[in-house]
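Each protein sequence line maps, in turn, to chains U and A. Numbered by our numbering, the letters in the first sequence go through residues 3 to 353 in order. Numbered by our numbering, the letters in the second sequence go through residues 3 to 353 in order.
In short, the hints are calculated from the structure, not lab data. Errors might be hidden in some of the hints.
Pairs involving identical chains hold if they fit within one copy or between any two copies, as the list cannot separate such chains.
[As the list claims (entries may be wrong)] Taking lysine-lysine pairs in the DSSO-like style, the calculated list, with each CA pair at most 27 Å apart, reads:
hint, residue 1, residue 2
1, K339, K105
2, K228, K137
3, K228, K105
4, K262, K340
5, K105, K91
6, K70, K105
7, K132, K57
8, K137, K91
9, K57, K105
10, K316, K57
11, K155, K112
12, K135, K351
13, K336, K137
Number of protein chains: 2
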Amino acid sequence: MEHGGDLLSYEDDYSGQLVDFSSNINPLGPPRGLDQMLISSLSSLEMYPDIQYRKLKESLSIYLKCKKENVLVGNGAVEIIDHFIISSKRVILFIPSFSEYEKRAFVHEKIVERISYRKDFTIDIESIEKIIKPKDLLILGNPNNPTGLRIKKDQLIRIYKLIQKKDAYLLLDEAFFEFCPEDYDSIRLFEPYGYQNVGIIRAATKFFALPGIRLGYGCASEEKVKELAQIELPWRVNALGDVAGQFIFKDKDYIKQSKKYIEIEREYVLGALSKIRGVQPFQTDTNYILIQVLLWDEEYIFQWFLKRGLLIRKCSSFLGLPEGYIRVAIKDRKNNKKLIEAFLELSEKGS
Amino acid sequence: MEHGGDLLSYEDDYSGQLVDFSSNINPLGPPRGLDQMLISSLSSLEMYPDIQYRKLKESLSIYLKCKKENVLVGNGAVEIIDHFIISSKRVILFIPSFSEYEKRAFVHEKIVERISYRKDFTIDIESIEKIIKPKDLLILGNPNNPTGLRIKKDQLIRIYKLIQKKDAYLLLDEAFFEFCPEDYDSIRLFEPYGYQNVGIIRAATKFFALPGIRLGYGCASEEKVKELAQIELPWRVNALGDVAGQFIFKDKDYIKQSKKYIEIEREYVLGALSKIRGVQPFQTDTNYILIQVLLWDEEYIFQWFLKRGLLIRKCSSFLGLPEGYIRVAIKDRKNNKKLIEAFLELSEKGS
Numbered sequence: 003m004e005h006g007g008d009l010l011s012y013e014d015d016y017s018g019q020l021v022d023f024s025s026n027i028n029p030l031g032p033p034r035g036l037d038q039m040l041i042s043s044l045s046s047l048e049m050y051p052d053i054q055y056r057k058l059k060e061s062l063s064i065y066l067k068c069k070k071e072n073v074l075v076g077n078g079a080v081e082i083i084d085h086f087i088i089s090s091k092r093v094i095l096f097i098p099s100f101s102e103y104e105k106r107a108f109v110h111e112k113i114v115e116r117i118s119y120r121k122d123f124t125i126d127i128e129s130i131e132k133i134i135k136p137k138d139l140l141i142l143g144n145p146n147n148p149t150g151l152r153i154k155k156d157q158l159i160r161i162y163k164l165i166q167k168k169d170a171y172l173l174l175d176e177a178f179f180e181f182c183p184e185d186y187d188s189i190r191l192f193e194p195y196g197y198q199n200v201g202i203i204r205a206a207t208k209f210f211a212l213p214g215i216r217l218g219y220g221c222a223s224e225e226k227v228k229e230l231a232q233i234e235l236p237w238r239v240n241a242l243g244d245v246a247g248q249f250i251f252k253d254k255d256y257i258k259q260s261k262k263y264i265e266i267e268r269e270y271v272l273g274a275l276s277k278i279r280g281v282q283p284f285q286t287d288t289n290y291i292l293i294q295v296l297l298w299d300e301e302y303i304f305q306w307f308l309k310r311g312l313l314i315r316k317c318s319s320f321l322g323l324p325e326g327y328i329r330v331a332i333k334d335r336k337n338n339k340k341l342i343e344a345f346l347e348l349s350e351k352g353s
Numbered sequence: 003m004e005h006g007g008d009l010l011s012y013e014d015d016y017s018g019q020l021v022d023f024s025s026n027i028n029p030l031g032p033p034r035g036l037d038q039m040l041i042s043s044l045s046s047l048e049m050y051p052d053i054q055y056r057k058l059k060e061s062l063s064i065y066l067k068c069k070k071e072n073v074l075v076g077n078g079a080v081e082i083i084d085h086f087i088i089s090s091k092r093v094i095l096f097i098p099s100f101s102e103y104e105k106r107a108f109v110h111e112k113i114v115e116r117i118s119y120r121k122d123f124t125i126d127i128e129s130i131e132k133i134i135k136p137k138d139l140l141i142l143g144n145p146n147n148p149t150g151l152r153i154k155k156d157q158l159i160r161i162y163k164l165i166q167k168k169d170a171y172l173l174l175d176e177a178f179f180e181f182c183p184e185d186y187d188s189i190r191l192f193e194p195y196g197y198q199n200v201g202i203i204r205a206a207t208k209f210f211a212l213p214g215i216r217l218g219y220g221c222a223s224e225e226k227v228k229e230l231a232q233i234e235l236p237w238r239v240n241a242l243g244d245v246a247g248q249f250i251f252k253d254k255d256y257i258k259q260s261k262k263y264i265e266i267e268r269e270y271v272l273g274a275l276s277k278i279r280g281v282q283p284f285q286t287d288t289n290y291i292l293i294q295v296l297l298w299d300e301e302y303i304f305q306w307f308l309k310r311g312l313l314i315r316k317c318s319s320f321l322g323l324p325e326g327y328i329r330v331a332i333k334d335r336k337n338n339k340k341l342i343e344a345f346l347e348l349s350e351k352g353s
C-alpha cells in the first residue's frame with residue numbers, strides 16, 4: 003500500500019533535507035501555543051485517556067457546531083472510516099480515491115463496487131442510482147483525493163436524497179474541508195436531517211498540520227454514534243491527541259489565516275503550472291493539485307524532483323488513474339517556487 | 003464495556019484527588035528523561051510517523067531480543083489483539099479475562115468458545131484439547147487479568163505443543179510481563195520454534211507507566227507479521243509513541259528498579275491483606291491482586307473506598323466471576339498503606 007509522506011524511504015536518495023510535496027499538510031504548521039499546551043500536559047501520558055472522550059467531544063461539538071452526542075473521534079480519520087466499513091454490508095466507492103477505502107473493505111471482507119469518476123473527475127449521479135442498494139455504504143471524498151474537487155452543494159443534496167430514498171448510507175470523507183472555499187458546510191447542511199443516513203469525517207491531520215498526533219473526528223446521527231461505540235477500540239485517541247483537540251479548534255485567527263494563505267498559494271501554483279508546457283494541472287478546491295504529465299513517464303519525473311530535494315506523489319498506485327499522473331501539495335511560497343522552477347527546468351529540457 | 007482507569011466518571015463523588023487502584027500502572031512513573039525526549043521531539047507531530055515504523059521496530063527487536071522482522075506494533079496492545087482476531091476463524095478464551103478479547107471477537111463476528119479457569123484460576127489443558135480445532139485462536143493472559151496468575155513454563159510448553167499439533171494459534175497477552183518474577187521469557191522460549199503458531203503481545207502501558215501514549219508491541223513469525231500488515235491501519239502508532247519506544251527500553255536501571263519495587267510492595271500488600279478478616283486475596287505474579295470480599299457486597303465496598311478517595315475495580319463485569327470480587331493495583335508504599343488501612347477499618351466495622 004503506497005501513501006504520501008513516506009520521507010524515510012527516500013531520504014537516502016538525496017543528501018539534504020527533502021521537501022515533502024507528497025503529503026498535503028498546512029504549510030503554516032500547527033496553531034501557536036500548542037507546543038506549550040502539550041508540554042504542560044505531558045503527565046497526561048501517565049493516565050488512560052478518558053474512555054468516553056468527554057472534554058474532547060465537547061470541544062469538537064463547539065467547533066463543528068453540532069451536539070456532542072453527534073461527535074465521533076478516532077485514531078486518525080482512517081480509523082473512523084474503518085469503523086463505518088465494519089458496520090456496513092457493501093461498500094460503494096468512486097475511483098480514483100484514497101486507497102484505504104478499498105483496503106479497509108477488503109480487510110473486513112466486504113463486497114466492493116467501484117464507480118469511475120467522469121473524465122473531469124465529477125460525479126455522475128446516475129451511475130450511483132444504477133448500483134446503490136439498501137444498507138450500502140457510499141464513500142465520497144469531499145474534496146476527493148487525489149483529484150481535489152469538492153462536490154457542488156446542489157449535487158451533494160441530490161446524492162443525499164438518492165441515498166435516503168434507497169436507505170443506503172453516505173459517508174463524506176472531508177479530511178481537507180478547511181482548505182476549501184467557504185461554499186457550504188456539510189455538518190450544517192445535514193443538521194436539519196438529524197444526520198440520518200449520512201456521516202461526515204474530518205481530521206486534525208491536514209489543516210491543523212498534525213499528522214503525527216492521530217486525531218480524526220466526525221459527525222453522525224446519535225443512533226449511528228451509539229452503533230459505532232460498539233465497534234470502537236477503547237482509548238483509541240492518545241492522551242496528547244485528546245489534549246490537542248481541546249486546544250487547536252479555538253484559534254480562529256489561525257484558521258482564517260491558513261485558509262487565506264492556501265487560497266493565495268493555490269492561485270499562484272495553479273497559475274504558474276498552467277503556463278508550463280507538458281503538464282496539465284487539474285482544477286482543485288484544496289491544498290493539492292493532480293497533474294497529468296504528458297511528456298515524461300511517472301518514474302522519470304519522480305526521480306527528477308527527488309534529485310532536486312522535492313518528494314512528489316506518484317499516482318499510478320491509485321486505482322482508476324492511468325500512468326502519467328502526479329500529485330503535489332501546495333506549500334509555502336519559497337517551496338512552491340522551487341517546485342515551479344523544477345517544473346520549468348524539466349519543461350525546457352523537453353522529453 | 004467497563005474498564006479500569008475511568009477516573010473522570012467518579013471524580014465528582016470525591017472532593018479530593020482520587021487514588022486510582024483500578025488501573026494497574028507502575029507506581030514509579032515513566033523512565034526518567036522521557037519528558038525531555040518528548041519535548042525535543044514535538045515537531046515530529048507535524049509529520050506522519052514512519053509508515054513502516056523502522057526505528058521503533060529496531061528498538062523493540064533489541065529490547066525483546068528477537069529479529070525486527072518478528073516485531074509487531076499497534077495503538078496499544080488491544081489493537082494488536084484485534085488484528086489477530088480479524089485474522090482468525092474462531093476465538094477460544096478462558097474466563098474470567100480481559101473483556102476486550104470477547105468484545106473484539108464480537109465486533110468481527112467471530113465464533114467464541116469460552117473455557118472456565120479452574121477454581122484456583124489455573125488452566126486445565128484437557129479443557130483446551132476437547133475444544134480446539136485447526137485455525138482456532140486461543141488467547142491467554144500471561145499473567146491473566148484480573149486473576150494475576152502466570153502460566154508455569156512447563157504447562158505453557160505443553161499448551162503450545164497441543165496448539166501446534168492441532169494447527170491452531172496461541173496468542174499470549176503479556177501486557178504485565180515485566181512485573182512478573184523472572185522465571186522465563188516467552189519471546190526467548192518460542193524463538194527456537196520461529197514463533198510458528200504463537201504470538202506474544204506486550205505494551206508500554208503498564209510497566210512503563212504510559213497508558214496515554216498508546217504503544218503496544220509484540221512478536222510473531224515473519225509470516226504472521228506479513229499477514230497482519232495487510233490488516234493494520236497506517237500510522238496507527240502516533241509520533242510520540244514512536245519516539246518513546248525508541249527511548250524507554252534502553253533504561254535498564256529503571257526496569258530493574260521497578261521490578262524490585264513491585265516485588266517488595268506485592269509482598270507487603272499480600273501479607274497485610276492476608277491478615278484482614280473478611281477478604282480473601284488470591285496469589286498473584288504481577289502488580290494487581292484479585293480479592294474475594296466475603297462480608298460486603300461489591301457496590302458497598304466500592305463506595306466505601308471511593309469515600310476515602312480510593313478508586314478500586316469492581317469485578318462483576320468480568321464474565322466468569324461471580325459477585326463479590328474486586329481488583330486492586332499495587333502502588334507506592336504511601337498509597338498501599340492507605341488501602342490497607344481502609345480495608346482494616348472496613349473489617350473492624352464488620353458487615
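Find the hints from earlier in the document that the structure breaks and name them by number, from lowest to highest.
1, 7, 11, 12 and 13
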